[in-house]
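Going by the working numbering, the sequence shown opens with residue 6, and the numbers climb by one from there.
Hint data in this document are derived by calculation from the structure and do not stem from the laboratory. Hints are not guaranteed to be accurate.
Said to hold, decoys possible - Quick list of simulated restraints, FRET-style, between CB atoms:
{"id": "1", "residue 1": "235", "residue 2": "93", "range": "30 to 36 Å"}
{"id": "2", "residue 1": "248", "residue 2": "93", "range": "47 to 53 Å"}
{"id": "3", "residue 1": "229", "residue 2": "253", "range": "18 to 24 Å"}
{"id": "4", "residue 1": "65", "residue 2": "262", "range": "35 to 41 Å"}
{"id": "5", "residue 1": "107", "residue 2": "142", "range": "14 to 20 Å"}
{"id": "6", "residue 1": "93", "residue 2": "133", "range": "31 to 37 Å"}
Just so you know, even glycine gets a beta-carbon here, dropped at the ideal spot from N, CA and C.
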Amino acid sequence: MANQKLISFDLRADFGFFKKPDYNDGILLSYNMLHKPALLGILGAIIGLKGYSKKGEFPEYYQRLKELPIGIQPLDHEKGNFQKTSVKYTNTVGYANDDGNLLVEEMMLIQPAYRCYLLLDIENPDHSKLYEYLKNGQAEYIPYLGKNEFQAWWLMDNDGSVSLKEYNHEAFLPGQDFLLNTLFIKSNPLKDEQVTVKISFRNRTISNQATFSYFERLPVNFHETLVQYQLYDFAYTDFTLSQESTINNLFQIEDEQGTKAVVQLF
């Protein structure tokens, strides 16, 4: 534990596009949530690791960072969702226009923002470099959210300081009901994990009342043979979760102000 640092930084952009492999009525779709392979690409760009170079070969950033435990917490969202729009444009790349102009329509996220948690091993040179670059607001290559015109940043809008936070942390074994700040891998139906809403007619109060549950099937890694995304079912909710919950890889974190929270790292 002495060589570990659990940190977070807030990643923001004006627009984002995390391409899904499927289509809907001719529209290129985007994942709503930042997923792990996309985040690893951003981290790789920050410390200068190479991307895709050979067909059928994993990029350098993925090979060197794929074991890094991460967590994702959406920020400034509407019940887990970000506002979306679609845009049409003409693809002017030569090979895409053999039979005339190719009109492309794709979904776009508007002002997506995510708090990204990283469990770094400071004895690992890549992790150590990543910590220093994030702390100092440096990047070898400009990071972006899915497309290079959607540049991303992790500086605070009000004063330009970095959004990096460090936490004390320990494995969390539920001894009581709890809230979970991050997306989490859903192995069971959410109704089996949550605490039942309780109504007190005497005190006229409602406890354990939540407002939303969000679900999305997201990439976590790549299939080593097929070289395609491996997808897992994720959930994000403000429901109070039961102490009997079967959610794995939970950590309790505490910031410098003493604020505690529970996150999942995967």
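Hints and how they fare:
Our hint of 30 to 36 Å for residue 235 and residue 93 holds, since their Cβ atoms are close to 32 Å apart. Range check, residue 248 to residue 93: Cβ separation about 50 Å, and the 47 to 53 Å hint holds. The hint said 18 to 24 Å for the Cβ distance between residue 229 and residue 253, and at roughly 22 Å that hint holds. Between residue 65 and residue 262 the beta carbons are some 38 Å apart, a value that agrees with the proposed interval 35 to 41 Å.
For residue 107 and residue 142, the Cβ-Cβ distance of about 39 Å falls outside the hinted range of 14 to 20 Å, so the restraint is violated. The supplied range of 31 to 37 Å is broken by residue 93 and residue 133, whose beta-carbon atoms lie about 44 Å from each other.
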